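Chemist: Protein chains in written order, with the numbering used here: chain A, 1 to 241; chain B, 242 to 482.
A hint or two may mislead.
Below 27 Å or equal to it, Euclidean Cα-Cα: the simulated DSS-like pairs (lysine-lysine) are [claimed, not checked]:
#	chain 1	residue 1	chain 2	residue 2
1	B	Lys310	A	Lys110
2	A	Lys24	A	Lys36
3	A	Lys36	A	Lys69
4	A	Lys69	B	Lys471
5	B	Lys400	B	Lys462
6	A	Lys24	A	Lys159
7	A	Lys221	B	Lys400
8	B	Lys462	A	Lys159
9	B	Lys277	A	Lys159
10	A	Lys221	A	Lys24
11	A	Lys36	A	Lys159
12	A	Lys110	B	Lys462
13	A	Lys231	B	Lys310
14	B	Lys277	B	Lys351
15	A	Lys110	B	Lys277
16	B	Lys462	B	Lys351
17	B	Lys310	B	Lys265
18	A	Lys110	A	Lys69
19	A	Lys159	A	Lys231
20	B	Lys462	B	Lys472
21	B	Lys277	B	Lys400
22	A	Lys231	A	Lys221
23	B	Lys277	B	Lys265
24	B	Lys400	A	Lys110
25	A	Lys221	A	Lys159
26	B	Lys400	A	Lys69
27	A	Lys69	B	Lys472
28	B	Lys351	A	Lys69
29	B	Lys472	B	Lys265
30	B	Lys310	B	Lys351
31	B	Lys277	B	Lys310
32	A	Lys24	A	Lys69
33	B	Lys351	A	Lys231
34	B	Lys462	B	Lys265
35	B	Lys471	B	Lys400
36	A	Lys36	A	Lys110
Cβ-to-Cβ under 7 Å is the rule here; a few derived chain B residues that face chain A [as the list claims (entries may be wrong)]:
#	residue
37	Glu276
38	Ala320
39	Ile370
40	Ser427
Treat the hints as calculated values from the structure; they're not laboratory data.
Computed from a predicted structure; not experimentally measured.
All C-beta atoms in this analysis are idealised placements derived from N, C-alpha and C, irrespective of residue type, glycine included.
Number of protein chains: 2
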Amino acid sequence: MDITSDTHSQHISQQFNQDLEAIKTQLMAMGGLVEKQLQEALTALLDGDSQLAIRVRDNDSSVNDMQLKIDEECVRILARRQPAASDLRLVIAVIRATNDLERMGDEANKIARNAIDLIEAGRIPQGSIEIRHISEHVGHMLRDALTAFARFDTELALKVVQEDASVDSEYTTAMRSLATFMMEDSRSIGGVLSVMTVLRALERIGDHADNLAEHVIYLVKGHDIRHISKKELDAEALRGR
Amino acid sequence: MDITSDTHSQHISQQFNQDLEAIKTQLMAMGGLVEKQLQEALTALLDGDSQLAIRVRDNDSSVNDMQLKIDEECVRILARRQPAASDLRLVIAVIRATNDLERMGDEANKIARNAIDLIEAGRIPQGSIEIRHISEHVGHMLRDALTAFARFDTELALKVVQEDASVDSEYTTAMRSLATFMMEDSRSIGGVLSVMTVLRALERIGDHADNLAEHVIYLVKGHDIRHISKKELDAEALRGR
Numbered sequence: 001m002d003i004t005s006d007t008h009s010q011h012i013s014q015q016f017n018q019d020l021e022a023i024k025t026q027l028m029a030m031g032g033l034v035e036k037q038l039q040e041a042l043t044a045l046l047d048g049d050s051q052l053a054i055r056v057r058d059n060d061s062s063v064n065d066m067q068l069k070i071d072e073e074c075v076r077i078l079a080r081r082q083p084a085a086s087d088l089r090l091v092i093a094v095i096r097a098t099n100d101l102e103r104m105g106d107e108a109n110k111i112a113r114n115a116i117d118l119i120e121a122g123r124i125p126q127g128s129i130e131i132r133h134i135s136e137h138v139g140h141m142l143r144d145a146l147t148a149f150a151r152f153d154t155e156l157a158l159k160v161v162q163e164d165a166s167v168d169s170e171y172t173t174a175m176r177s178l179a180t181f182m183m184e185d186s187r188s189i190g191g192v193l194s195v196m197t198v199l200r201a202l203e204r205i206g207d208h209a210d211n212l213a214e215h216v217i218y219l220v221k222g223h224d225i226r227h228i229s230k231k232e233l234d235a236e237a238l239r240g241r
Numbered sequence: 242m243d244i245t246s247d248t249h250s251q252h253i254s255q256q257f258n259q260d261l262e263a264i265k266t267q268l269m270a271m272g273g274l275v276e277k278q279l280q281e282a283l284t285a286l287l288d289g290d291s292q293l294a295i296r297v298r299d300n301d302s303s304v305n306d307m308q309l310k311i312d313e314e315c316v317r318i319l320a321r322r323q324p325a326a327s328d329l330r331l332v333i334a335v336i337r338a339t340n341d342l343e344r345m346g347d348e349a350n351k352i353a354r355n356a357i358d359l360i361e362a363g364r365i366p367q368g369s370i371e372i373r374h375i376s377e378h379v380g381h382m383l384r385d386a387l388t389a390f391a392r393f394d395t396e397l398a399l400k401v402v403q404e405d406a407s408v409d410s411e412y413t414t415a416m417r418s419l420a421t422f423m424m425e426d427s428r429s430i431g432g433v434l435s436v437m438t439v440l441r442a443l444e445r446i447g448d449h450a451d452n453l454a455e456h457v458i459y460l461v462k463g464h465d466i467r468h469i470s471k472k473e474l475d476a477e478a479l480r481g482r
């Protein structure tokens, strides 16, 4: 054998880095698919395009398949490469992230299914302004969370985490105004309940984007910032400067 | 040194088994706390006990703390012990399970918060029969999922997975009847929306119990049965016999 032990271990570590890069790339692809599902579900809803809504609904299994594939790859890496420190945190963060992305895929699917119902019932959705507004906000959060993951950018990740509170308050306001609308016009109840489901799905997607961003901070800094208070969060932001 | 390499490695593997036992025990404790939170939130709601509801609401952070502690311990085991095969799957399953239990804790918290609102508004909750019925069902699922985890019992786990569909259908029926009730009496809308939130929380808890059961099957058999169809699920059940 010509290969020295050094070249051999270099080879192994190169292969290892490639494995880690590969799961990260796959995670980004999964994120891209979820973004597309979300955008198309919203377009279908707001443009009344039931064909598109059906396509989104039926495409949910691709998101699920990606989760299974990436998770399997992560477990394989844990078993064979026994990563430590930041490499280990990357694998853990990816496993957590596929879970959040898969849930977002479910929520996009829910939006598509409600779009189908609303379009079939021939309703111009009450609350479409609110849907537009909150979905833009949540769409940005998701994009930023994915970018933060791709670049290991904790500053951007913290911005996403801090953004979630304003989505929550927009959501609460929208739900209140829809409840009032229902009380004024009981014939609207069926349609408004569907719109509420859509808003709730968007709010949940915001929560999962928040989680994604928390995974980025965990993997880069090693701090688990899930469940920390607003005050501690601000301290974390200062520490990052 | 008197210690032979054999005793030494025996000692390490004994310590390792203790570590694995410890995270499993902690997971069961976390599950027990979530069960208690859920039961007390429901008791508070159905008995109109706002003191109890407030206690449940404020106790959510204990569930979160347990998740962080167990997850940290899991990552420590992955880093130091580099488990393989079924040991690795146990650690992965525990990380996934704490996530589901934490979400169930959030849902119990949501039930408590809605109980506080409903009690304050002095409403006898419309839909209390449905809440009672579905919560019993979901409570059983959670208990069985935890028992299945404690005993590595895949047969019981599959039973839980199969049960989830009937909770979903009970939920859909209940939501429909509540929507009809709203249409008939628009003064009920505010209260009924809160009750719908409670029912949705219960349905979500059922989903997470289903997930917990899937983690048990993954850890025992090594099959990832998330996202498989009803037909494949029946095949899985037959294979287990």
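Chemist: Each hint should be assessed against the structure and marked as holding or not.
Modeler: Evaluated hints:
| no. | hint | verdict |
| --- | --- | --- |
| 1 | Lys310/B to Lys110/A | violated (33 Å) |
| 2 | Lys24/A to Lys36/A | holds (18 Å) |
| 3 | Lys36/A to Lys69/A | holds (19 Å) |
| 4 | Lys69/A to Lys471/B | holds (20 Å) |
| 5 | Lys400/B to Lys462/B | holds (16 Å) |
| 6 | Lys24/A to Lys159/A | holds (21 Å) |
| 7 | Lys221/A to Lys400/B | violated (41 Å) |
| 8 | Lys462/B to Lys159/A | violated (41 Å) |
| 9 | Lys277/B to Lys159/A | violated (35 Å) |
| 10 | Lys221/A to Lys24/A | holds (17 Å) |
| 11 | Lys36/A to Lys159/A | holds (22 Å) |
| 12 | Lys110/A to Lys462/B | violated (31 Å) |
| 13 | Lys231/A to Lys310/B | holds (21 Å) |
| 14 | Lys277/B to Lys351/B | holds (14 Å) |
| 15 | Lys110/A to Lys277/B | violated (30 Å) |
| 16 | Lys462/B to Lys351/B | violated (35 Å) |
| 17 | Lys310/B to Lys265/B | holds (12 Å) |
| 18 | Lys110/A to Lys69/A | holds (23 Å) |
| 19 | Lys159/A to Lys231/A | holds (14 Å) |
| 20 | Lys462/B to Lys472/B | holds (18 Å) |
| 21 | Lys277/B to Lys400/B | holds (22 Å) |
| 22 | Lys231/A to Lys221/A | holds (18 Å) |
| 23 | Lys277/B to Lys265/B | holds (18 Å) |
| 24 | Lys400/B to Lys110/A | holds (26 Å) |
| 25 | Lys221/A to Lys159/A | holds (16 Å) |
| 26 | Lys400/B to Lys69/A | holds (26 Å) |
| 27 | Lys69/A to Lys472/B | holds (21 Å) |
| 28 | Lys351/B to Lys69/A | violated (33 Å) |
| 29 | Lys472/B to Lys265/B | violated (31 Å) |
| 30 | Lys310/B to Lys351/B | holds (23 Å) |
| 31 | Lys277/B to Lys310/B | holds (19 Å) |
| 32 | Lys24/A to Lys69/A | holds (12 Å) |
| 33 | Lys351/B to Lys231/A | holds (23 Å) |
| 34 | Lys462/B to Lys265/B | holds (17 Å) |
| 35 | Lys471/B to Lys400/B | holds (13 Å) |
| 36 | Lys36/A to Lys110/A | holds (14 Å) |
| 37 | Glu276 | violated (20 Å) |
| 38 | Ala320 | holds (5 Å) |
| 39 | Ile370 | violated (20 Å) |
| 40 | Ser427 | holds (5 Å) |
The structure fails to meet hints 1, 7, 8, 9, 12, 15, 16, 28, 29, 37, 39 from the earlier list, while all remaining hints are met.
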